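These are the residues of each chain, in order.
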Amino acid sequence: MEDTTHAQALSELFEQHNRTLVNFLVARLGNESEAKEVAQEAYVRLLQLHEPGAVSFLRAYLFRVAANIALDRIRRRAVSERLEGTYADEDLTTTLGPDREVQATQSLAVVRQALLELPARHRKAFLLQRFEDKNTTEIGRLLGIKERQARYYISHAVTYCRLRLDGLSESEAKAQVFP
Amino acid sequence: MSEANRINAAADWLLRLQSETASDATIRSWVQWCEADVRNQRAFDQVRETLQIADGLAGEVENGELIGASMEVPRGRFERFMAGWREAWRVSLQYPLQYPLSTMAASVAALAVAALAWVTLTSTGHLPVRNGAVIESDEAVHAAMLPDGSRVELASKSTLAVHYTGAARSLDLRDGEAYFTVTPNKRRPFIVTADGVSVRAVGTAFNVRSAAGRVVVTVTEGTVDIYQQSSRSAPAGKPVRAGAGFQVVWQTGGAAPGQAERAQAGAEPARVSVKPATAVGWREGRLEYLDEPLEAVVADVNRYAIRPVVIADDAARKLRFSGTVMVGLTDEWLSALPRQFPVTLQRQNGVDMIHSVAADSR
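Going down the list, the protein sequences come from chains A and B.
Per the numbering used here, residue 1 is the first one in the first sequence, and the count goes up by one each step.
Per the numbering used here, residue 1 is the first one in the second sequence, and the count goes up by one each step.
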């Protein structure tokens with residue numbers, strides 16, 4: 001009896017938060033299909049709980065369990081890369097059909113152009129974070145700024161690129177991001 | 001909240017969540033933010049999409065700066081030229097018969113101009129492709145320059161998708177055969193995946209052929225690691241290392257069930273010493289085989305033949321072929337088959353069927 005209510009509470013919890021959970025895991029793992037798998041795995045682990053608690057506890061627990069599974073996977077990836085020289089599935093980009101090739105090329109050109117229009121420090125913070133595996137603390141140190149400031153630089157750079165992709169002109173986008 | 005602010009908040013969340021040390025309190029407020037407004041979730045998706053597009057720059061970043069950023073070319077013109085050129089190439093590759101002659105002539109002319117211009121730029125004749133691109137070759141061999149300067153020659157009717165990220169140069173050979181010459185970069189391995197089998201190289205040259213549930217990797221320079229792709233639950237298999245002059249044959253089972261070699265799917269790969277020139281003969285119009293299942297040979301031939309060739313029964317699939325098929329003479333090769341093997345040929349509805357004699361008499 002208690003089992004069914006637990007399962008029901010969980011399935012409601014899952015329905016309500018699944019998208020948030022998957023987004024959270026995508027941020028961690030950088031890969032949507034893996035994020036969905038981990039979300040599923042976290043759900044299964046919660047189902048196996050013998051003494052389920054209140055819903056508010058369950059929600060926090062769901063995210064904690066999912067974060068731990070994700071962390072395990074990231075470490076496993078790192079270990080297998082080091083020891084065996086193997087690489088986990090790289091599935092960061094969605095597959096584009098050939099007819100979208102030109103469109104993708106144009107989008108990439110817009111982003112490249114947008115980055116060049118940004119102040120050098122914003123561009124640098126973004127590129128270091130995205131392409132050279134630096135975290136925001138390290139970037140702060142490299143640029144002589146606080147961690148929080150480094151984070152602002154990066155998120156501003158991303159926002160600026162997005163607005164330029166959405167068709168805003170250089171001056172319009174700058175007015176929005178750097179008012 | 002303005003759209004820009006929302007996107008900015010989403011980008012900030014993404015950064016905070018990436019950190020391993022995100023606390024329960026952070027996660028709690030993330031859940032609140034994410035579920036407070038459906039526009040917040042949309043903004044988050046837009047940020048992810050933007051980053052995916054930006055990942056295409058992976059080959060162009062060094063020390064936190066875009067390579068060549070300081071010596072900007074008159075961009076608009078160059079970009080337009082490249083886009084137009086790529087379009088012409090794509091059209092002529094994919095729809096040679098569906099376009100009216102005038103369009104064809106225009107693309108051929110565009111191609112000729114582009115080719116001439118390009119020779120002065122690369123001097124190797126390899127056409128540049130961007131990250132995210134899917135290259136499909138039609139009748140002829142196509143040479144392409146990948147975003148990191150590595151080169152690929154794609155055999156007839158083959159498809160290759162380019163997915164470069166900051167961590168790896170990933171390529172997906174969906175169909176057919178390709179020869180890769182890899183620009184060395186230890187920090188960013190070059191990984192070609194075909195039918196669930198991955199070939200990982202740092203700086204080397206190798207050939208990958210994927211057909212009929214077999215993936216054949218031939219190394220002509222350097223060393224590569226070959227391994228079965230990690231499935232959803234299982235991690236990647238133990239890699240097989242192969243150096244120059246070696247060929248590794250992997251039975252993957254392939255898409256078509258009930259095939260002769262299906263039972264061996266997932267078996268240990270076979271590694272043999274070969275003359276690399278044999279495996280890459282296709283680049284000069286020769287398909288060379290040593291003790292190859294007829295099924296795999298026919299899969300190759302189908303990429304060059306005018307009419308599709310189909311093997312009708314398992315007995316014929318299991319036959320082993322050694323010899324050379326000339327790319328322009330696949331019809332001749334086919335009509336000579338009954339002299340070499342106990343098979344008969346039958347043409348039905350524009351398809352050439354190969355039947356084994358044994359199966360006929362049954």
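Note that these hints are calculated values from the structure, not bench results.
Because the structure is a prediction, the values reported are computed rather than measured.
Be careful, since some hints might not be right.
[To be verified] Estimated spans, in silico, between C-beta atoms of each pair:
no., chain 1, residue 1, chain 2, residue 2, range
1, A, E138, B, R39, 28 to 34 Å
2, B, R39, A, Q8, 27 to 33 Å
3, A, E138, B, N185, 45 to 51 Å
4, B, R39, A, E15, 18 to 24 Å
5, B, N63, A, Q48, 21 to 27 Å
6, B, G149, A, E15, 55 to 61 Å
Note that beta-carbon positions come from the ideal geometry of N, C-alpha and C, so glycine has one too.
Evaluated hints:
1. A/E138 - B/R39: 28 to 34 Å: 32 Å, holds
2. B/R39 - A/Q8: 27 to 33 Å: 30 Å, holds
3. A/E138 - B/N185: 45 to 51 Å: The hint (45 to 51 Å, Cβ to Cβ) is violated, given that A/E138 and B/N185 are roughly 22 Å apart.
4. B/R39 - A/E15: 18 to 24 Å: 20 Å, holds
5. B/N63 - A/Q48: 21 to 27 Å: Because 48 Å falls outside the window, the suggested range is violated.
6. B/G149 - A/E15: 55 to 61 Å: Because 48 Å falls outside the window, the suggested range is violated.
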